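Engineer: Those protein sequences? They're chains A and B, same order as listed.
Residues in the first sequence are numbered consecutively from 1, following our numbering.
Residues in the second sequence are numbered consecutively from 1, following our numbering.
Note that these hints are calculated values from the structure, not bench results.
None of these values were measured; they are calculated from a predicted model.
Don't take each hint at face value.
Listed next, the stretches of chain B that the computed footprint assigns to chain A, with coverage defined by at least 3 CB atoms under 8 angstroms from CB atoms of chain A [to be verified]:
(1) 67-75
(2) 78-88
(3) 216-224
Far from chain A by the CB rule (all over 12 angstroms, computed), these chain B residues [said to hold, decoys possible]:
(4) His306
(5) Asp327
(6) Arg332
Just so you know, even glycine gets a beta-carbon here, dropped at the ideal spot from N, CA and C.
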Amino acid sequence: MEERPALSPIVRILRGTENTAALVVISALALIPFIDSFLRTAFNSGVPSASHYVVNLVLLIAFVGAGITSREKRHIGISALRDLMEKSLAGRRPAVLRWVDTGTAFLSVMVTFALVWSSLSLTMIGFDPTATVGVFPVQLFAAIMPLGFLVMGVRFFLQAPDSRATRIVAGAGIVVGTLIALPSIANILGVISPDAGTFISNLLGVHESIAGAIAFPMIALLVLGAVAGTPIYVVLGGVAYLLFAENGGALEVIPNEGYTMLVSNTVPAIPLFTVAGFLLSESKAGERLIRLFRALVGWLPGGLIIAAVLVSTFLTSFTGASGVTILALGGLLYFILTESGNYKPRFTTGMLTTFGSIGLLFPPSLAIIIYGSVAQVNIFELFLGGIMPGLLMVVVMSIIGVVVSVRQKVQPVPFVAAEAGKSVIESFWELLLPAIIIFGYFTGLTTLVETAALSVVYVFIVEVLIHREIAFRELGSVVLKSVPIIGGVLIILAVANGLSYYFVDAQVPQELGKWVGTHIGSKFLFLLILNFALLLAGMFMDIFSAIIVIVPLVIPLGLLFGVAPVHLGIIFIANMELGFITPPVGLNLFLASYRFEIPLLRLYRNVFPFFLVQLGIVLIITYIPDLTMWLTRIIHLSLK
Amino acid sequence: MRQIRKGRLALLLLAGMLGVAGSVSALDIKIASIAPENSPYGVALNQMASEWQQISGGRVRVLIYHNGIAGDQSDVLRKMRFNQLQGGVFTNTAIAALVPEVLSVSVPFLVHNDAEFRYVMKDMRPILDKKLESQGFKAIAWAEAGWVKFFSKDQLLTPEQLKGDRLAVPPEQQDLLTTFKILGYRPVPLDMPETLSALNSGLVDVIFTSPLIVAGYQWFSAARYMLDMNIAPAIGTIVLTSRAWNQIPVQFRPEFQASAARAGQKVENGILKLENDAIDAMKGYGLKITQVTPEIRALWETEFQHNYDSIIGPVFDAATVKLVQDDLKAFRK
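Chain A on its own, in the form it takes in the complex:
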């Protein structure tokens, strides 16, 4: 399915427009918060509606980006079954594989076109027509959703294997997608022509019978597709869509949950830190930092790994969103560890993926703060409680690093003061970055989003203007490299939120909570069920949604079984961290697959040993309450 060799002028112009749009949005995303914080600090003024613009720019970059992700065929999926077939067929009967790919194209087209209709309807009926973002109507920003899905849908169709039969099947996806979206189309018609009443009710009658008949077979097909290369975005979004279609819910809810997720205030850090990370890894910062790390910690076996753990933990604790670290630092740390430390890619990717979720227990983690607010537990005590369990994770990972280094006979580099001094001077500007982050955030100069924007601007200044390792001409293409990742990741987060809302709507967590409350008698069993349920939640939900949905249900159960509230909080967050790296759908696995450019299946294998270690730590945290409560008690005693 190669691209047709020569692109027509129209296609070229469209692509150029798309790229330019992405670059403009990213620049605005970095500059607005930066300028806003500057104006506030210097002139006690600001950019009007800055934060409102920023979250809506994230919406834009998510959908422009996801369109580009489709163009580059960079949506990730699990292709285990397809790979197996490819291997066993060994070039014979190419038709089989072509039909597997056609099936994927059909599903992708179907789900994406259904989302085109529902997001169009959402844009038309879900918003107050008079509401604005700064000086623009809200609906103008929201319209990027149907447009983005349309671009993706057309591309999925065009990328279907090239024969008439396969085209027809892929095209059938448009028809089926439109049929399951009939209620949304009825809503659109209702806005356009209010007296289309009978026609609309006929549409809805048709839909009820169709949705009832095909929902579950289609879900089965999506699950099958999930292991045959169908993008994760299509699988999660499609399952959510069909579940709502089947139970008669409003179909606009799936794009709406995506919208809600994308315009939330914690998300801008994801694209911003990703861009900063790309600028760093595409310059020679990596080489400078290798020299630095070797000179400073190279004498210690595993020193590089310990440094990597600490840097990752720091960034995660402060961005609060696990996974950002993988996008921001993954490329750089991978380069450092494989080039300088001679660690194998298999070990390095597995380890760095795991590092991405350590750090949520340390201050100033937003996860802890939100947990404390929702659960009404003292936030200071939660932070105290998180220190020992958090340290345990860091220490264990460091020990693994040391052991592996000794086993692999990674040669220590003797410490030479002169070389250390030189390397520090050489990477002076990069070293200043964490200092600036810490200074800006902890002295109240910048908010979280502003800190992320400041990082992008700072890295741009250092690598493009000071070191000049990225030529100004190339800047666009370097930033564009990060766009398919940003789009691919954000679109998965968006539809996953739709799926998790299905469970909220059906009150599944409540029912589960009630069931546990009445049927489980022992604390041990309760904690085990809690571990398992949170692991599942961590796989499907982002941590903030999970806290809001699940914590209120877990609190009364915790009291019932006599688990200390602080301990419960630490169990909760540690468990969510584990969920992020749990195959097959832990969110960090997707991010890592993108960043390290390795297939998901191979990443599962690479992460698995680390997953087991983390699982062990979570169990220790769960069943040894003293680990968490010890520090809290000591501080309490000393206060009295």
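Using the hints provided, position chain B relative to the given structure of chain A.
Structural biologist: Below, chain B alone, put in the same frame as chain A:
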């Protein structure tokens, strides 16, 4: 044997069909609330849900989504527009997206106490209800939800002091942001979850909100001073979509309305008590209350009232503010 099985199958099918028919004829009303289930809101909503079910003999089923699990207030409003949810509980600042006039009651230092609030709401309610109805929404209850106050890191007493401080304002409350800017203060738009860190780091020094919020988010651990002065009342309301309200069989509507009004009353009584409890609890954690003498209060009132011209009209709806002012004049006589 086979016969029996077939018969059983037919029975099961029949039961299944009846079940389906039953669930179709019942009307599900899904209402979302950001308040916890054990709060006055949660308790009142649960009771209303069971009352409606009883009144209608099970023909109307009310499902409550407590705790903000169905989304924040602007999200709930969207979900009501496309009919995934049929109702929601809103604060005045959120429902102002539909009826900006509701903020006229909350102009700083306009309404002074609970009695005045109740008096002006008598005239305001019909106006607000009508405006909501014109946009496809039906308010079934209104309730007072406590008083907004200043909480600060260092002791705050006079408007002059506030001018040197940075004031946290939720980014979605543009009206408040504009008001403080016009009045020459230094508002900083700040998301709720980030406020605690921002107080600690010094990004902001003062917050302007209800004691219940301060207790809930534990901001009192950083903002240790509360200025004991009612600045503006907070209001809560339960709103359904008109579409859902009109689907409720006509004969049940009066009783439903009465049940909702009771819920509103319950919320009001519960919240006012809870607010006092929250302040007491925060005192236990070291919150210091700064008492306000009539002179100090007069200082604040003049400061704001002097500037009413620049905020009433541009920020607040002039006609309804005038109505509130007239009502207050009559009441204070």
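Engineer: Now tell me if each hint is right for this structure.
Structural biologist: A quick look at each hint next to the structure:
1. Coverage of the segment 67-75 of chain B by chain A holds in this model, with 7 residues showing a Cβ closer than 8 angstroms to a Cβ of that chain against a need of three.
2. Coverage of the segment 78-88 of chain B by chain A holds [criterion: at least 3 residues with CB-CB distance below 8 angstroms; count 6].
3. Counting residues of the segment 216-224 of chain B whose beta-carbon sits less than 8 angstroms from any beta-carbon of chain A gives 4, enough to reach three: the coverage restraint holds.
4. No Cβ of chain A comes within 12 angstroms of the Cβ of B/His306; the nearest lies about 21 angstroms off, and the non-interface call holds.
5. Interface exclusion of B/Asp327 from chain A stands, the closest Cβ pair being 28 angstroms apart, more than 12 angstroms.
6. With a minimum CB-CB distance of about 36 angstroms to chain A, B/Arg332 clears the 12 angstroms threshold, and the non-interface call stands.
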